[in-house]
Structure formats: structure tokens, C-alpha cells
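Next come the chains, spelled out residue by residue.
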Amino acid sequence: MFRRATVMLLVLGLSRAAFAFEEDLKFVEGLTAEGFPNLARIVLNRTLNSFPEAEKSAPELRIRILIAEKKFEEAAQQIRVGKTSSIGSRQSAISNQESLWLFLADTACRARQFPDAESAYKNYFESGAKADDATMQAAVNYGELLEQRGERAMARKIYEQVLKVPDIGKSARPVKVKFAHLLIAGDKPMPADLDRAKKLCEAVQLGGLDLWFGQAVITWSQIMILKEEWGEAQSVLETQMELLKGINDVLEKQGQPVSLISPLAGTRYLLGACYEHAGKKKAALVQFYNVYVQYGDSEWGPQAQERAQALKNYFEGLGKTVKIDLGANLSKMEERAFRVARRLFFDKQYADAAPAYLEALNKYPEGDESVAALRELTLSYISLNDPLSAKTLAAYTGERFASREAAADALLAAGNRALDEKQTALAWWMYDRYFEFFPQHSRAPAVLYSLAELKDGHERASCWNRIIENYPDSPYAARALGRLAWDAYEKEDYPTAAGHFEKYIGTETDSQKQTRARFALAESYRFSSDWKKALENFQILEKALNRAAESYGVSDEALKLNRPFIEKSLFYQGTCLAKLGETESAVQTFARFIATFQTSEFVLQAQLAKGSALIELRRYDDALAAFATFDKTSDRKFLEPALYYRGQALFETGRYSESIQTLDALLSNWPESAFYFEAKLVQGRSYAANGQNSDAVRALSDILSFATDDLLLNRAGLELGRAQTAPAEKLASFQRVALLADPDSPEQAPLIAAALYESLPLYLELSRPQDLLNDSGRLAKDFPMFGKDDEVNVMRTTAREQLARFEAQEEKKP
Amino acid sequence: MKKFMILSLLFAAGVTGGAPFVINSAGTQIDGSAIQSAADGIVLLTTLNGQTLTFRPGTYRQAFADKPKEMGQVEALARNGDLAGAAGMLRQIKEQYKFLGWDQRASLMLARVELAQKNFKAAAAEYETLFAAQPQFETIPAERANYMQALSGSGRTKEAAAMVDADIASGSREAAARAQVVRGDMKSASGQYEEALLDYLRTVILFREQTAVLPEATYKTAVALKKMKNPRAAEYFQKVMKEFPDSEFAEIAKGER
Chain A
1 MFRRATVMLL
11 VLGLSRAAFA
21 FEEDLKFVEG
31 LTAEGFPNLA
41 RIVLNRTLNS
51 FPEAEKSAPE
61 LRIRILIAEK
71 KFEEAAQQIR
81 VGKTSSIGSR
91 QSAISNQESL
101 WLFLADTACR
111 ARQFPDAESA
121 YKNYFESGAK
131 ADDATMQAAV
141 NYGELLEQRG
151 ERAMARKIYE
161 QVLKVPDIGK
171 SARPVKVKFA
181 HLLIAGDKPM
191 PADLDRAKKL
201 CEAVQLGGLD
211 LWFGQAVITW
221 SQIMILKEEW
231 GEAQSVLETQ
241 MELLKGINDV
251 LEKQGQPVSL
261 ISPLAGTRYL
271 LGACYEHAGK
281 KKAALVQFYN
291 VYVQYGDSEW
301 GPQAQERAQA
311 LKNYFEGLGK
321 TVKIDLGANL
331 SKMEERAFRV
341 ARRLFFDKQY
351 ADAAPAYLEA
361 LNKYPEGDES
371 VAALRELTLS
381 YISLNDPLSA
391 KTLAAYTGER
401 FASREAAADA
411 LLAAGNRALD
421 EKQTALAWWM
431 YDRYFEFFPQ
441 HSRAPAVLYS
451 LAELKDGHER
461 ASCWNRIIEN
471 YPDSPYAARA
481 LGRLAWDAYE
491 KEDYPTAAGH
501 FEKYIGTETD
511 SQKQTRARFA
521 LAESYRFSSD
531 WKKALENFQI
541 LEKALNRAAE
551 SYGVSDEALK
561 LNRPFIEKSL
571 FYQGTCLAKL
581 GETESAVQTF
591 ARFIATFQTS
601 EFVLQAQLAK
611 GSALIELRRY
621 DDALAAFATF
631 DKTSDRKFLE
641 PALYYRGQAL
651 FETGRYSESI
661 QTLDALLSNW
671 PESAFYFEAK
681 LVQGRSYAAN
691 GQNSDAVRAL
701 SDILSFATDD
711 LLLNRAGLEL
721 GRAQTAPAEK
731 LASFQRVALL
741 ADPDSPEQAP
751 LIAAALYESL
761 PLYLELSRPQ
771 DLLNDSGRLA
781 KDFPMFGKDD
791 EVNVMRTTAR
801 EQLARFEAQE
811 EKKP
Chain B
1 MKKFMILSLL
11 FAAGVTGGAP
21 FVINSAGTQI
31 DGSAIQSAAD
41 GIVLLTTLNG
51 QTLTFRPGTY
61 RQAFADKPKE
71 MGQVEALARN
81 GDLAGAAGML
91 RQIKEQYKFL
101 GWDQRASLML
111 ARVELAQKNF
121 KAAAAEYETL
131 FAAQPQFETI
141 PAERANYMQA
151 LSGSGRTKEA
161 AAMVDADIAS
171 GSREAAARAQ
181 VVRGDMKSAS
191 GQYEEALLDY
201 LRTVILFREQ
211 TAVLPEATYK
221 TAVALKKMKN
231 PRAAEYFQKV
241 MKEFPDSEFA
251 EIAKGER
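Residue numbers (our numbering), protein chains in the order written: chain A, 1 to 814; chain B, 1 to 257.
Some hints could be false.
[To be verified] Here are the computed lysine-lysine pairs in the DSS-like style, where the Cα-Cα straight-line distance is at most 25 Å: (1) A:188 - B:242; (2) B:254 - B:226; (3) A:348 - A:71; (4) B:227 - B:242; (5) B:118 - A:188; (6) A:164 - A:122; (7) B:158 - B:118; (8) A:130 - A:164; (9) A:363 - B:227; (10) A:227 - A:253; (11) A:363 - A:348; (12) B:242 - A:363.
[To be verified] Take a look, some chain B residues computed to stay more than 12 Å from chain A by CB distance: (13) 23; (14) 33; (15) 47; (16) 54; (17) 69; (18) 98; (19) 139; (20) 195; (21) 199; (22) 225; (23) 230; (24) 232; (25) 234; (26) 244; (27) 246.
For the record, the hints were derived by calculation from the structure and aren't laboratory data.
Every residue, glycine too, gets a C-beta built ideally from N, C-alpha and C.
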């Protein structure tokens, strides 16, 4: 008893479980069909978690979900995998591939993904065809796709295959109509095909009063016309008109788009053709006009419009007035004319799209759709790597439609596509046409700015210059100016950078960018040695940033960002002032900098600059105080100059031993120092001043032996003469300067004057009065402003006396 | 070939016959059997009943003589390739039939004959005289295109270019198509073969409705392609022969293949 109950419970439990997941799976299928693939996936996963045994049905549902998500390629792959899976593999076999292919094909068709749809229909029909409405509709859809691509033979094969299915019955009527239509299409249909099409149409007409009936009547009449049986065609069309009107009314009541699908469109059109053939032009015009007005959306609309227009022209040519307007529906017909081409284009079937576009463009060359079509056709040619045709189209678009915004966009799209396709030369050609035909287009500055980014060097700068020149009021002109300025700055072309920054700063509204630009402007002037303008800009920047720092609500971040600019601006102000010879101001500025930015990386540099400026001002004690900051622990780059300047200041303040010692520290530690010879010179002077003449001569002789700079050599030569003790040696040193220094050099000329002057007493001492007179004469002549005239005159008098004595002594000689 | 073109030009000018008539200032047509004009614009019409009516300038809208016999001579000279002779005869007709309709017809034909002889300056001058007297001729795309060629050939490139560009940008479809061919010629003459090709090709692929211009544009497309050593030249020569077998360009294309 217990055992039976347990078994019953198990069975009941299992049944309940099976029932539960089947319901859930149906729910998944329903959600997929309704277009909720995401929800379907969630429900499926939940079901599989609860009922792992439902996995058996999951692969098919997963594929359906993929299809609903329009992931057609992935779904097709899954169907193929499912079809080939064997028992025992991890992938469950799919038993129902046909219905999946059909679902995929229909969904892809609705989504206008025609290549996917075609491929799926092909797979579906390869596995056979069923005698149901779904298969017939699939045959119609597939056949239409094939016909649109011109694959008539393949379409015919499909129709034939479907019509061979046994017990097909009335379901086959749509296929029969399509097949009949196919059989009579083309330039010269075969008589046998016409007969077969006629039979198909008659069979459809016997099946009921519906759209297919109407279509069959139309095709049947076309067959009669092709057979030159105009009277028969006219008679049938006239007699069937009432029945077709009934179908039209039913469609209208159902809310169907009768202007698009009503069989009256084709019927009336063909009736018009029959009347025209019979010479009843007025009656024909009425029919054509009716089609145009009432069924302009149908496939018959454009032809009806053309024929009505031709008849209207005919009547007007006879001097009659025809009060009908054939332009009202033109745009719809035009749109339809481009539709096929456009579909091919969006399916990326460019080779097929191109002739379709040309056909439509020659029909509607300058309508509303034309520019869009020209754009798409140009893109097609670019994708087909046919630059000649692409150029032809683009030049035409730009020139002929220069007043249309869309034409400008078309050229831009062409340039873009050419770039995408790596056809760079063609892309630039397109952009050149764009600027040629649409120089004032709203996007022109932005486009030029973007193109500049794709170019290098001179070409890039040329684009920026064009923006500035042609679009001075555009925001891009400011950006281009900025780019030109920064570009020159990075290339260290500072005079050019300064010119661009000057213009750019006025146009820049972003305070941070303006700060950076002002600083770069000042730096450009500094690097160009234009100290005055550099100083002005550093001052402007410092003031502006200080003002900004004091303004209401300034953020900490802004203060942090601005601080380095204030710091550097102030430091370089000191540098510029020093260069401009405004040494006192330079000292004050460096002092202010040191006080304000005590932890700055420039503070030691500022101390050094301040100290050297103080030496220039001969404020040696203050200078020594400034150099006191530096000691052995200081960085060499600061310590080297500091030791030199300190040595100089100590010399100037008479602290010779300290000077010698300080300079020794520099010379012994860094014999390769840039200050070596200058330090030697000062040290030589200190030695001399300290009475250590031989040390002085040694130090100065080092300079004369190893230095190469003329000025330094002559300075050292003069100091050597002063340090030497033997009159002849001293005189030799002075004369070397007097004879070898460059009198045209403003720095060396005073050295010559000093050397000449300091030679004079030595001449007396060495009893060479004539040389004294000669050199004093040169001194007076070449350096009239030298001064010391009294001293010179006294020496000249003494020399003359000496000379007279020497002459008298000479005369006394036998 | 040249003869063929000239004859077609002459016939295109509309050489028609008919009795002389005067349309008076009230718009009434008065038919006659003979008509004469004087240099000062006075027209004498002999009516069908033998009466002579005198029309002073301002009293008639239009006077028209019957077809001058000299027109037949012009046609004969053109047929024989004597374009200079035809031009001389046309000048005579212009003088002789002043104010009688045929002066303007002769002027139009003379402009075309001068152009065919590459007397560009004379052709341009003749067109200018004609356009001044009959402004409607300046709106006819074929005559505009001829005038542009005359301007271009006589070195008045700027004037020609301005007209050509204006017609291409905003003229009628026919005017644009014709101007494109003229511009193509101008560019080709200055060695800009690709630019010329773009104009010819544009006409061929986008102006199919301009059947009067298509044979020439197609042929010139082929020639430009050939100059650029593009293998598609053969395709276009073939196209000229196949699609326009009756045109004079089909004849030249045969030799160019």
C-alpha cells in the first residue's frame, strides 16, 4: 500500500512538473513571437533552472529568440549546427529546421535584411515545400526578392516547385499570380509562356473574388495586349470593372491602403492604354488621370502620370485647354522611382544600386529626392572603387545644387566615405569640391578644422590659416589661431608663435587657456630676447592672476592651477628687468619673489640672480648676504656661480684673502667650470692686491696660456702687466694689449687706452721718451675722452726733456 | 563629315518658303505677291490684287519675303563644301532682305557657317548682332552653346567661362548639357583631360533626356578616356556606334576604335 502510494505520488509529481515546464516553454515561444526576446530569454533560463529536463526543447527556443533579436547570422549558424548534431553530442539535435528557416526568413524579410531572408528561404525550399498558406506566402516573398535582383530563372524554379506540391488547392493562388506575372515579364515573352500565364490567370479567377482575382484580371489583360488582342482586353477590363470596384470598396472598408494595392489601378491603366490604342484619346486621358489621382502610390502611378502628361501635351498642342494638374503627386512617384535603388543601396548591393539610381535620376533629375539619390550613388561608386564616376557625380551635385544644403552634406559624406575606404586622394578631391561650391556652408570651418587634424606640417598650418582668413568670425578661427600659435611654440619658432599668440589671446574666453597662452606669449618674447615685451606680458599675467585670486568664489583648484604661472611670471620679470638694465628693479623683483615663493624651485636661482644684480649695482655687502644662502650642500649648478660672485664681491670689498680662498674652492673643485677663467682673473687681481704678485702672475698666465676669448685674454694681459714688478715685463704685457686688442670692439677699446696710459711711466723708467711721445700721441688721438690729460702732459714734458738730454749727449759724442 | 554637319546646321536654321506678307501694327497679316524694302526700313508690299502698299517703320510689326532664290545657292555651296562661298552669299542675303525676315535667318546661318570655318571672331560678332536684334535667340541653348564656342575660340575665355558656368549651374537641362560639352572642350584644349572627362561623362550619365547632345558627349567621353589611356575608351566608342548609329559621331568613332 505504501509502495503504491509512493509510486502514485512520483507519477503525479512528474506529470505536474512536465505540465509546468511545457506551459512555461509555450510562454517563451509566445513572448518570442510577440517580439519580446529579452523577456523570453529570462523566462527560458528560469524554466531551465527549475526544470533541467526542459533543456531538450531549449535549442530551438534559443534560436527563435536569436531570430526575434534580429541576430540572423548567429541564428542561421545555430540551425545548421542543430541539424548536423548527433545523438550523444552536447548539442541537442533540432528536429524542426524547416519551421526555423521559415521563421528566420519571414522575420528577416520584415526587417528588410534581404540577404539573410534570401539565404533562409533558400534553405527552407531546399528541404521541400508544404501545401500550406505559410509556404505559399514564403514562395511569393522569396520569388519577389529574386525577381528584384533579376534572378528570374531562380524565381521561376521556386514557383514551379511550389505548384507541383500535391493537394495544394486554393493556397496556390498567390503563387500562380506571381508566376503568371513573371512569365510575361521581359522584352519579348515566349508565346508558350504567354499561354501558360493565361491559363494560370484563368485558374486564379475561378478561385474567388479577392486581390488575387484582381491581379489575375490585370495580368490576363496584359497578355491579351501582348498578343495584340486589344479589343478582347478592353472588353474584359470593361466587364470586370464592376467586380473590381466591389473588391476596391471592401478594401476601403477594411481600412487598407487602396491607393497602393487596389486592382483598379492596373485595370484602369490598361483600359486607358486600350482606349489610346483605339484612338479614343480623351477617354484614355480620363483613365490615366484617374489612376494618377486615385492610385498614384501604386506601381501604375508613374506610368499613368507620364501617359496622361503626354496626352495633355497633345491636346494643348491642338490649342485645347486641359484643366488637370499632374504635378500634385509627383513627389510620391518620384520617391517610388528611387525606392528600389535605395533598397539596394542600404543592402550594400552597390553594383546593382548604381544603374537603378541612374535610371531614376534621369527620370527625376532635379526633384526633391535627387540630391539624396546623388549622394547615395556617389557613395556607391566610392565603395565600388570607381573614382571617376564618383567624381563626376560629386562635381555635378555641388555645381548644379549649390543652393541646397543637402548637396553640401552629400559632398561631405562622399569625402568621409572615401576616407573610410582608404581612398585618400579621392577624399581630398571631394573636400576640395565641397569648399569650392559651398565656401559659406555652416559646417565649413568645422570641417576644415577637422581636416587639418588629418594633415601634417605645412598643409595642416595651411588649413588653419584658411580658417582664420575665410571664417574670421567662426569659433574655429580662434581655435585655429591657438593651434598655429602652439604649433610654432612647440617648434621653437618663437617670433611666429608670439605673432599668433597676440591675436589668439583676444579671442580666447576660457580663463585657463588664456593664462597658458599669455604665459607662452611672454615666453616666446623672452626666447626671442624681446625683453621689453616679455616683461609686459609677464606683468599682465601676474596682475590678472592676482586679481582672479582675490575675486569672489574662486576655487581652490583654480588657485592651485594659477600658482605656478604667477610664480614663473614673477621670476622671469626679474630676469627681463636685469636684461633690460633695470637692475635695481630686478633686485626688488627677485627679492619679492624670494619672499613670496620661499619653497619654489626657482628660489636659489632668484637668490643667485639677485646677488649678481647687486654686484652690478656695486652693493657688494648686500650681494655677499645674498650669496650666504649657498654652502657646500648647495647644488653645484648654483654653488659654482655663487662662489665666483662671492669671490668677486670679497675682492671688491678688499677682503682679498677670503676672495682667493673662495675662488680656490671653485677652481680646485671644478676646473672645467664655465667660470674658471673669470674666477682666475678675479683671483689674479686679488693676489696682486694682496701683494702676492708671483701668485697673481701665475694665475693670470694660466688664462693667457689656455683661454681663447680675445676679450678675456686682453683683460688678463692688462691685469698681468699690473701684477708684474719688472718694468720691462710690465711694459711688454701692456704693449701686447695695446697692439693686439681690437680698437673697434667697444669692450676692448678701453683696455687699449688703459694699456697705453699705463705704459707711459714705464717708458720714462726705461728711458724710452720717444715711445712715450708716440703712445701718448695715439692715446690723445684715438681716445680723446680718456681723461688724465694733466698726468699725460706732465709725462710728455718729462719725456721731451729726457729726449733733449739724450740728443745733447749724442751731439757731444765724437 | 564636315559637310554633313554644315548641312544639318543650315537645315536646322529653318529655311522655309511661302508667299510674302506684312503684319501691320494692329496685328493683321496682309498677304502679297511681291515685297521690297529700303535701307531706311520702308517696306513696299504688292498685294494679291496688284495694289502697292507702303509701310513706314513703326507701322508694321513684321515683314516677310518669300524664300530668296539665293538660299538655294547657299545650300548648294554648303553641299559642295564651299563654306566661304556660302558665307559670302549669306552676307548678300542679309543686305538684300533687310527688314524682310530673311536677313535674320541669314545672320543665324552665317554665324553657324563662320563657326564651322573656325572663324571664331566673325562667328561671335555675328551672334552678337543677331542677339541684339532678336534677343530670343540668346535663350536657345544650341545657339548659346555655339556662341560660347565662338567666344572661347576667339580668346574671350573669361566671357565664355562665365556663360558656361552660369548655364551649368542654373540653366535649363538642355542649356546645362550643352554648356558642359563646351566646357569639356575648353578644358580639353588646355590639357585638363580629367576635368574635361568629368564634364562629358556627367552629360552622358545624367542627361540622357538630352538626346541632341548625347552622341557628341558620348564620343568626347571616349576620346578623353583614350587620351588618359583608360581602357574604358573602347566601351564608349562602341556605345556611340551602337546607340547613335545615325549620328555623325558614330562615323568618326569607327575610325577611333
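Point to revise | Hint consistency between residue 158 of chain B and residue 118 of chain B [alpha-carbon to alpha-carbon, up to 25 Å] | key: Holds, at roughly 19 Å.
Check your understanding: Was residue 234 of chain B rightly flagged as not at the interface, with every chain A Cβ beyond 12 Å?
Key -> holds, 15 Å
Check your understanding: Was residue 246 of chain B rightly flagged as not at the interface, with every chain A Cβ beyond 12 Å?
Key -> holds, 21 Å
Point to revise | Distal placement of residue 47 of chain B relative to chain A, Cβ over 12 Å | key: holds, 29 Å
Check your understanding: Would you say residue 33 of chain B is clear of chain A, with no C-beta pair closer than or equal to 12 Å?
Key -> With a cut-off of 12 Å, residue 33 of chain B remains clear of chain A, as the shortest Cβ separation is near 30 Å.
Check your understanding: Given the hinted pair residue 254 of chain B and residue 226 of chain B, is their alpha-carbon gap at most 25 Å?
Key -> Distance ~14 Å between residue 254 of chain B and residue 226 of chain B Cα, so the pair holds.
**Study point:** Nearest-CB test (12 Å) between chain A and residue 225 of chain B
**Key:** violated, 9 Å
Point to revise | residue 98 of chain B remote from chain A - nearest C-beta pair above 12 Å | key: holds, 34 Å
Exercise for review: Below or equal to 25 Å on CA atoms is what counts here, so check residue 164 of chain A against residue 122 of chain A.
Suggested key: OK: residue 164 of chain A and residue 122 of chain A at ~17 Å, within 25 Å.
Review point. Was residue 69 of chain B rightly flagged as not at the interface, with every chain A Cβ beyond 12 Å?
Key: For residue 69 of chain B, whose nearest Cβ neighbour in chain A is about 34 Å away, the distance exceeds 12 Å, so it holds.
Review point. Does the structure keep residue 130 of chain A and residue 164 of chain A at a Cα separation of 25 Å or less?
Key: Answer holds: residue 130 of chain A to residue 164 of chain A is near 10 Å, not above 25 Å.
**Study point:** residue 139 of chain B non-interfacial with respect to chain A [C-beta, more than 12 Å]
**Key:** holds, 19 Å
Of the numbered hints stated above, those contradicted by the structure are hints 5, 9, 10, 20, 21, 22, 23 and 24, listed in ascending order.
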